[in-house]
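Top line first, the protein sequences correspond to chains A and B. Its first residue numbered 1, the first sequence is counted upward by one per residue in this note's numbering. Its first residue numbered 1, the second sequence is counted upward by one per residue in this note's numbering.
These are calculated hints, taken from the structure and not from any lab test. It is possible that part of the hints are untrue.
Identical copies go unnamed one by one, so any copy, or any two together, can satisfy a pair.
DSS-like, lysine-lysine: derived pairs with alpha carbons at most 25 Å apart [what the hints assert, rightly or not]:
#	residue 1	residue 2
1	93	341
2	341	131
3	5	70
4	93	338
Quick caveat, the model's predicted, so the values are computed rather than measured.
Protein chains: 2
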Amino acid sequence: MSIIKEKVKQAKQILKEFDVDCWITFVRESQLNGDPILPFLAPADVTWHSAFIVTKDGQTKAIVGLYDQKTIEETGAYDEVIGFVEGFREPLKNYLQQLNPQKIALNYSVDSEICDGITHGMFLTLFHLLKELGMEQRIISAEQIVSALRQRKTKTEINHIKKAIEITETIFERVTHFIKPGKTEKLVAQFMKDQAKTFGVELAWEPLVCPAVFTGPETAGAHYAPIDRKIEPGHVLNMDFGVRYEGYCSDMQRTFYILEPGQQEAPAEVKKGFATIVQAIEESARAMRPGVLGKEIDAIARSIVVEAGYDEFPHGLGHQVGRFSHDGTALLGPPWEKYAKKPFYPLEEGMVFTIEPRLTVEGRGVVTIEEMVIVTKNGAQFLSHPQKELILISANER
Amino acid sequence: MSIIKEKVKQAKQILKEFDVDCWITFVRESQLNGDPILPFLAPADVTWHSAFIVTKDGQTKAIVGLYDQKTIEETGAYDEVIGFVEGFREPLKNYLQQLNPQKIALNYSVDSEICDGITHGMFLTLFHLLKELGMEQRIISAEQIVSALRQRKTKTEINHIKKAIEITETIFERVTHFIKPGKTEKLVAQFMKDQAKTFGVELAWEPLVCPAVFTGPETAGAHYAPIDRKIEPGHVLNMDFGVRYEGYCSDMQRTFYILEPGQQEAPAEVKKGFATIVQAIEESARAMRPGVLGKEIDAIARSIVVEAGYDEFPHGLGHQVGRFSHDGTALLGPPWEKYAKKPFYPLEEGMVFTIEPRLTVEGRGVVTIEEMVIVTKNGAQFLSHPQKELILISANER
Chain A
1 MSIIKEKVKQ
11 AKQILKEFDV
21 DCWITFVRES
31 QLNGDPILPF
41 LAPADVTWHS
51 AFIVTKDGQT
61 KAIVGLYDQK
71 TIEETGAYDE
81 VIGFVEGFRE
91 PLKNYLQQLN
101 PQKIALNYSV
111 DSEICDGITH
121 GMFLTLFHLL
131 KELGMEQRII
141 SAEQIVSALR
151 QRKTKTEINH
161 IKKAIEITET
171 IFERVTHFIK
181 PGKTEKLVAQ
191 FMKDQAKTFG
201 VELAWEPLVC
211 PAVFTGPETA
221 GAHYAPIDRK
231 IEPGHVLNMD
241 FGVRYEGYCS
251 DMQRTFYILE
261 PGQQEAPAEV
271 KKGFATIVQA
281 IEESARAMRP
291 GVLGKEIDAI
301 ARSIVVEAGY
311 DEFPHGLGHQ
321 VGRFSHDGTA
331 LLGPPWEKYA
341 KKPFYPLEEG
351 MVFTIEPRLT
361 VEGRGVVTIE
371 EMVIVTKNGA
381 QFLSHPQKEL
391 ILISANER
Chain B
1 MSIIKEKVKQ
11 AKQILKEFDV
21 DCWITFVRES
31 QLNGDPILPF
41 LAPADVTWHS
51 AFIVTKDGQT
61 KAIVGLYDQK
71 TIEETGAYDE
81 VIGFVEGFRE
91 PLKNYLQQLN
101 PQKIALNYSV
111 DSEICDGITH
121 GMFLTLFHLL
131 KELGMEQRII
141 SAEQIVSALR
151 QRKTKTEINH
161 IKKAIEITET
171 IFERVTHFIK
181 PGKTEKLVAQ
191 FMKDQAKTFG
201 VELAWEPLVC
211 PAVFTGPETA
221 GAHYAPIDRK
231 IEPGHVLNMD
241 FGVRYEGYCS
251 DMQRTFYILE
261 PGQQEAPAEV
271 KKGFATIVQA
281 IEESARAMRP
291 GVLGKEIDAI
301 ARSIVVEAGY
311 DEFPHGLGHQ
321 VGRFSHDGTA
331 LLGPPWEKYA
341 KKPFYPLEEG
351 MVFTIEPRLT
361 VEGRGVVTIE
371 EMVIVTKNGA
381 QFLSHPQKEL
391 ILISANER
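Looking at chain A on its own, in the form it has when it is part of the complex:
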């Protein structure tokens, strides 16, 4: 089954579960200003005012411009696709009048950007149309519907994510033979990008910082691009990288140590930092199961890092992954203002999360691992093969 068919089918069940009569995704010129949920409902951008409607009793209908009709029909996900020439107003009004829904969910949200797809102008357009029908008071936010739909991954979605992870792990394996003292962050980043090209996959986020590569003690914040800084013996090097396979992302970090001449292993302080991160990941993953709140998981890893004597990491422990490397609403994060309600949601079966604690080893660099897990009814299952050992790079320049 295509992803669109899978997701539209899932949407019907979600509407039933939340007892919402009708969910409308309403977009126009989606190339300019799309809705992040649109790829689950349509295989390509749409031009004219377009409404994708799912109802609690299982009806699915799309009202789109004539030129887009065929493309939407071919998904097989809709009972009916109306292709209009004159305008969307009459077919949409007729359908809603006949349906007479008591709750009409639209894609807006103050707290969750991923659920905030409708523009204000499009909201006004729909609001006035519903007012003509006396239904404008029935509008509610579709936040919980969109969140559930994005985060409950279907089989096809999980398979795509697994494939993205497999490619990422292979590229991390290959770069291990490329990293050498004297090479720059930029060179290492270029190697990763070139590898992605040979696999025919896109990068999972903004190419400027995909991968992010940080070597040595003077590494900048997490959002900066690789620079001409050279790799040196004694450095901890870490990398954040992901690819997009068939629309689905991986997002992983690995930590390397560059041996000094004569060294056989990393110094004690680096090993301690690394072991702390491994333990934080293991213990937080062990606690993950449906019903537990994201902030509870974050707190486990955070306290392991702090109790080991490090500063707490200045970000959440993990985020969901899907069509974007940062996807979904629920977050493994601390209850900080900027995360709004995201850390307060319970985990659900089918959510895919990163786990990515971080700490700084003074004089060496940043130790950070990012694994990917899926929440099952029995707990978290690793989708990535967890890094359990520092990757040691020999000191030889060649």
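Mind docking chain B on chain A? Use the hints.
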């Protein structure tokens, strides 16, 4: 001067002209759900709630997440860039309180998708913040500001568009030697795409239909992708193609005729169709000047086509071009419902338009030319080199 500096400077003048105290572009996670105006204000996507503010008295301020601060500062376009850690609310409230604007323009529009950048969730966020300040009644649509800013092209923007056109014309020149009877639409399309790659430019729109290639009498509607249909002698072939250079687009169409064995020129009915299109373009371009309404220009070309005995084209005569191949609000279009108010705007100096009438020659194919012009105070100036002759392709298979 960088485009961002040019455009922010231009925005100050536009606010003065329209007597609007303050214009706020308000976005978050712009990779997911950006505002089409953002590339004029910031060089890269932003992560946290970010406000870009221009005032009538010439102040420019950005309030962004800490990690984005440096990138925005480096544009040199803002008097001050505040990088917040905790949240945007306090710095934004403080600044607005001090400014006390009477009119606050936000990027929403029922009629113009290109001016409809703020999501409904972000609108609510700002609405509630302004309510706390007693200013929520001062919100107005920024449609006229955003329209003016997009459509009044600066020198740098015009140069980028000219370069995109130059590359497009070179590729059209080259494909003339590639088109041959027996080749398919798909093959011709691939040649165009490969050429764009050799120039290191992106395609101006959705690759599936860039270029659009139509050969012969049974050509489908304008939005369909090239197929395996073979070019045959006696066919009229047309192509719609554009590239994006430094963020700015071209959008052009050219018409070819495939000679039959022994033919030295196109048959009379094809020549007549072509001459009609050329005349429609010349006469509508001649009438373009600041102050004339878009629908008046559309009517000129439309009546030339109809009076020559052809069906009227089922679309507007021309649209603006900029960062998107379809850009801007004002349109050279007929007063049809689906175009809303767009055909009713007066032309302004600095607008870049396509002119693209179309007609069908029965049994031969579709004749269509798309030129690009800029509106100057003295009238329209062609940016492209207008096609004045059918491009004749020899009948030899090789």
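Which hint numbers doesn't this structure obey? The structure breaks none of the hints.
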